[in-house]
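Please model the complete structure; the sequences and the hints are all you need to start from.
Chains as they are written, first to last, in my numbering: chain A, 1 to 391; chain B, 1 to 298; chain C, 1 to 258.
No wet-lab data here; the hints were simulated from the structure. Treat the hints with caution; some may be incorrect.
Computed footprint of chain B on chain A, listed as stretches where at least three residues anywhere in the stretch have a Cβ under 8 Å from a Cβ of chain B [stated by the list, open to error]:
(1) 80-86
(2) 211-224
(3) 262-269
Chain A is faced by these chain B residues, among others (derived, beta-carbon under 7 Å) [unchecked claim]:
(4) Gly178
(5) Ala181
(6) Ser182
(7) Gly185
(8) Arg186
(9) Pro187
(10) Tyr188
(11) Asp190
(12) Leu195
(13) Thr213
Just so it is clear, CB atoms sit at the ideal spot from N, CA and C, and this is done for glycine as well.
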Amino acid sequence: MTPPEGAGAAGPPGPEGSVPAAAPAPEGTAPAAAPAPPGAAGPATPAPQGAARAVGPEPEDAARGAPPLLEVTGLAVRFGPVRAVDGVSLRLAVGPFGLGLVGESGSGKSTIGRAVVRLVAAAGGQIRFEGKDVAALRGPALKRYRRAAQIVFQDPDNSLDPRMRIGASISEPLIAHRIVARRLAALRARELLAEVGLDPEFAGRYPHQLSGGQRQRVAIARALSVQPRLLVLDEPTSAIDVKAQARILALIGHLRAARNLAYLLITHNLGIVSELCEQTAVLYLGRVVESGPTSELLSRPAHPYTQALRSAVPEIDMAARRARLVLPGEPPDAASPPPGCVFHPRCPLATDRCATEVPALREVGTGRQVACHRAEEVLAGVRTGARPASG
Amino acid sequence: MIEAPSTLPTAGARLPRGQALRRGLRANPLLVAGGLLSALIVLIALLAPLLAPFPGDAGSATHPFIVLRPPSAQHWFGTDNVGRDIYSRVLYGARISPLIAVIVLAISCAVGIPLGVAAGYFGGWLDEVIMRVTDIFLAFPPLLLALALAAVLPTSITTVIIVIALTWWPWYTRLIRGQAASVAGRPYIDSCRALGISRWRIIFRHILPNSVTPLIVQVSLDVGGVILTVSALSFLGLGAQDPTPDWGLMVAEGQDYFLTSWWVVTFPGIAILVTAFAFTLLGDGLRDLMDPKRIFLR
Amino acid sequence: MRLAITDLEVSFGERRVVNLAELAVGEAEIVGLAGDSGSGKSMTTLAVLGLAHTVGARVSGSIRLDGTELTGLSQREMREVRGRRIAAIFQSPALAFSPVFRVGTIVHRALRLHGMTGAEAAGAAERAMRQVLLPPGLLDRYPSQLSGGQLQRVAIALALALRAEVLLADEPTSALDVTVQAEVLELLRALRDRERMSVLFISHDLAVVAELCDRIAIMQHGSVVEQGPTSQVITAPASAYTADLLASVPRLATGAGR
Numbered sequence: 001m002t003p004p005e006g007a008g009a010a011g012p013p014g015p016e017g018s019v020p021a022a023a024p025a026p027e028g029t030a031p032a033a034a035p036a037p038p039g040a041a042g043p044a045t046p047a048p049q050g051a052a053r054a055v056g057p058e059p060e061d062a063a064r065g066a067p068p069l070l071e072v073t074g075l076a077v078r079f080g081p082v083r084a085v086d087g088v089s090l091r092l093a094v095g096p097f098g099l100g101l102v103g104e105s106g107s108g109k110s111t112i113g114r115a116v117v118r119l120v121a122a123a124g125g126q127i128r129f130e131g132k133d134v135a136a137l138r139g140p141a142l143k144r145y146r147r148a149a150q151i152v153f154q155d156p157d158n159s160l161d162p163r164m165r166i167g168a169s170i171s172e173p174l175i176a177h178r179i180v181a182r183r184l185a186a187l188r189a190r191e192l193l194a195e196v197g198l199d200p201e202f203a204g205r206y207p208h209q210l211s212g213g214q215r216q217r218v219a220i221a222r223a224l225s226v227q228p229r230l231l232v233l234d235e236p237t238s239a240i241d242v243k244a245q246a247r248i249l250a251l252i253g254h255l256r257a258a259r260n261l262a263y264l265l266i267t268h269n270l271g272i273v274s275e276l277c278e279q280t281a282v283l284y285l286g287r288v289v290e291s292g293p294t295s296e297l298l299s300r301p302a303h304p305y306t307q308a309l310r311s312a313v314p315e316i317d318m319a320a321r322r323a324r325l326v327l328p329g330e331p332p333d334a335a336s337p338p339p340g341c342v343f344h345p346r347c348p349l350a351t352d353r354c355a356t357e358v359p360a361l362r363e364v365g366t367g368r369q370v371a372c373h374r375a376e377e378v379l380a381g382v383r384t385g386a387r388p389a390s391g
Numbered sequence: 001m002i003e004a005p006s007t008l009p010t011a012g013a014r015l016p017r018g019q020a021l022r023r024g025l026r027a028n029p030l031l032v033a034g035g036l037l038s039a040l041i042v043l044i045a046l047l048a049p050l051l052a053p054f055p056g057d058a059g060s061a062t063h064p065f066i067v068l069r070p071p072s073a074q075h076w077f078g079t080d081n082v083g084r085d086i087y088s089r090v091l092y093g094a095r096i097s098p099l100i101a102v103i104v105l106a107i108s109c110a111v112g113i114p115l116g117v118a119a120g121y122f123g124g125w126l127d128e129v130i131m132r133v134t135d136i137f138l139a140f141p142p143l144l145l146a147l148a149l150a151a152v153l154p155t156s157i158t159t160v161i162i163v164i165a166l167t168w169w170p171w172y173t174r175l176i177r178g179q180a181a182s183v184a185g186r187p188y189i190d191s192c193r194a195l196g197i198s199r200w201r202i203i204f205r206h207i208l209p210n211s212v213t214p215l216i217v218q219v220s221l222d223v224g225g226v227i228l229t230v231s232a233l234s235f236l237g238l239g240a241q242d243p244t245p246d247w248g249l250m251v252a253e254g255q256d257y258f259l260t261s262w263w264v265v266t267f268p269g270i271a272i273l274v275t276a277f278a279f280t281l282l283g284d285g286l287r288d289l290m291d292p293k294r295i296f297l298r
Numbered sequence: 001m002r003l004a005i006t007d008l009e010v011s012f013g014e015r016r017v018v019n020l021a022e023l024a025v026g027e028a029e030i031v032g033l034a035g036d037s038g039s040g041k042s043m044t045t046l047a048v049l050g051l052a053h054t055v056g057a058r059v060s061g062s063i064r065l066d067g068t069e070l071t072g073l074s075q076r077e078m079r080e081v082r083g084r085r086i087a088a089i090f091q092s093p094a095l096a097f098s099p100v101f102r103v104g105t106i107v108h109r110a111l112r113l114h115g116m117t118g119a120e121a122a123g124a125a126e127r128a129m130r131q132v133l134l135p136p137g138l139l140d141r142y143p144s145q146l147s148g149g150q151l152q153r154v155a156i157a158l159a160l161a162l163r164a165e166v167l168l169a170d171e172p173t174s175a176l177d178v179t180v181q182a183e184v185l186e187l188l189r190a191l192r193d194r195e196r197m198s199v200l201f202i203s204h205d206l207a208v209v210a211e212l213c214d215r216i217a218i219m220q221h222g223s224v225v226e227q228g229p230t231s232q233v234i235t236a237p238a239s240a241y242t243a244d245l246l247a248s249v250p251r252l253a254t255g256a257g258r
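Right, dumping it as structure tokens:
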């Protein structure tokens, strides 16, 4: 499987004007995922000026003029008193494109993914898919959206109905949306199984007869059945072992190319986004603390939390190891966030200003945004007063 | 990148339906035993007129000269206090108590399942309303409710059925509601919603099948319970009346003679026991059959 | 060698799931046991703890703890060993603590079970909590009030308080956030250095194992296919399976993007 191209800074996106090797066309249906228009297999209009800039493709690609596939502005989601998502803005270009959403428990990343597919209601802000407000969709328009944007969950043990055979699970959305005639649905399901790299014979099995990694792929096949243009992957590699993880990641890369897929890759593991996402946003307690092109974010973080996350990822490559930055304490209680910068109690660079003044998301370099008063110092590589780890 | 199905230590891929059924039955002796016994009881109920040596005794016949005779070659289970053949009455009784139980439980399910699923899946105010109504009905002890209703309704089997069903359905509603709520929270339901599958499809194809399993076991266990409740009501004179050969009624009527004529109470009692046992086995076996995981792990 | 496993076989009826020729952990050493699911890692842990019979498995072979042979011991004797000399922490720390008791109650009870008086237990618990960098006051909380990382550290504190010589850690950080994982790993390193503890670290995450452990053993289908010092196994794997596993680990690309 070739790695996705253009996963760097203003790098060239997929081949210009090429018709992607799309998934086998479903028989007798309305065109679902139209191939990307020539020359627009990539980034989008320039982000608007002003304070809350979205994470998105670089401004110099504005000339192409294609609008973003997904635009999230100031999204807020509340569960009772808890602000799970507190003013998040993101942008996803038309596929092939990957946006990484990185954070730990309590960061709100999964909630954002669920809000995008309308599984939770937004308390504030807007989500626009191809320019249309997602929250306002009703009836047939909503049904169309449900086909265009799909989600794959992280719990492979419970993402499939244990009483339904695999083939039936995959056929179900096909039949519900009348994508194919009922008698052809089983055949289409087998094709989808093959596309995700499973023997079509699996169609007759029950979920408990498959391993976690295989179930995860079935879940992907089920999501793909409706021909989505946007796929939200919520922790696709947690809860499965290393080799299965590698296969899933390869599968995502393959689908990205074959289906011109745009995806939101939600994970706590920075190691995954580098391979699959052009852009990445780092979340902490419901806010974006840093965003930008993935490779730059990883090599030169601008926020102390990103630094710590980066440093916490175990490295097998001995040459790449460096002294560990160990963050003290635990993520704060979302119901009562600390004043000022929510990260300041654990931040090795915290000053008095950080305890009182909430840092705004601002630009620091091309296409990079950070919410930190001392971002410039972090960028310059200032090491902190944090306890360096031994070994 | 194609992966062949792994060789997990489970049953193989899909078997032809008949073969799967046979294998399931072989692996499930409970189901077979319970099923056969229950079928036997149903058969007896159907064939009672042919099997009973004294069919008239199931009705209002009386034989004053053979009152309270112990079991003998002529009367296998002996005779009761008006000389009726207990064996015949027990056979005919198979038509009554179990039938009442089935009807009562069917009504309870018919009411309990939709309410439970609605409460569990939709939650919110619907859940609150349904559960409070359920709580109100749960507060009534069956017998007190029966006495109250007996004041207004004619004493008959129909009354008994209505009364018991009224007190039984809330348990099932609660049971189903708990299951449905748990199922509704699982990721695969979210996945269905995200895929735009209509809520009715979700309820009928996913919530319902995954919620009813505990109910099946509960129903089979309740057959015996309903029969006992019926006999309690009959004892109070609120249900079946003499000469109906209801087992519970027979036990109640035979109490006074128990110390001297044990057979009057014992045989109907054994009939209740065996029937309850049969349906319980059947329920256990059905539950095993319906759980895809368990059957393959045997 | 503090813990020496030789010719260990664990079977379910006819099916042999572990066939370990040799595995040892020395003093002040962290040995990693890595492999995919189904490789037999967890069964090995159960066998060392003398708990394999609880899942219906049969054990044969030799497990020596500082010279004491564990495989022949009765259940009562094993109970003395478990916790006191060999401690274990598992993937889901919440499972180790009954939700109806305060965490401190469970810790105290375990300490007293192994012979300490009430006062000794309180003191040992407090000291151990400080060693794992947790405020001793957390012992008054219920498990639901603590995060996964905190619970895991309490479990380690318990092992410390009991002065266990060997710690078996079965996927202890798989369920934790990456920064919390870093803290727990740091703690294990400190235990090795300061307390001279022997740690057998079992995980499917090869990167974590490579970072933390002094020596690594790779398991596949119940046997150890390769074993040696970390740097050697990682840079010059002798077996194809190891090389394959290593290739599957995602690398952080920090240079110019791909």
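The hints, checked one at a time:
Check result for the region 80-86 of chain A against chain B: violated, 0 residues qualifying (beta carbon to beta carbon below 8 Å, three or more required). Counting residues of the region 211-224 of chain A whose C-beta sits closer than 8 Å to any C-beta of chain B gives 5, which meets the bar of three, so the coverage hint holds. With 0 residues carrying a beta carbon less than 8 Å from a beta carbon of chain B, the region 262-269 of chain A misses the three-residue requirement, and the given coverage is violated. Annotation: interface hint on Gly178(B) violated; nearest CB of chain A at approximately 17 Å, more than 7 Å.
Annotation: Ala181(B) was flagged as interfacial toward chain A, and the flag is violated, the nearest CB pair being 15 Å apart, outside 7 Å. Hint status for Ser182(B): violated, given a least beta-carbon distance of 11 Å to chain A, over 7 Å. Given the 7 Å rule on beta carbons, the hint for Gly185(B) is violated: about 9 Å separates it from the nearest Cβ of chain A. Because the closest C-beta pair between Arg186(B) and chain A is about 5 Å apart, less than 7 Å, the hint holds.
The beta carbon of Pro187(B) is positioned within 7 Å of a beta carbon in chain A (closest approach about 4 Å), and the interface hint is therefore held. Taking 7 Å as the C-beta contact cut-off toward chain A, the hint placing Tyr188(B) at the interface holds, the least distance being around 5 Å. Satisfaction of the interface hint for Asp190(B) is found here, the shortest Cβ-Cβ separation to chain A being roughly 6 Å, below the 7 Å cut-off. For the restraint placing Leu195(B) at the interface with chain A, the shortest Cβ-Cβ distance is roughly 4 Å, inside the 7 Å limit, so the hint holds.
With its C-beta approaching chain A no nearer than about 9 Å, Thr213(B) sits outside the 7 Å limit, and its interface hint is violated.
Hints 1, 3, 4, 5, 6, 7, 13 from the earlier list are contradicted by this structure; the remaining hints agree with it.
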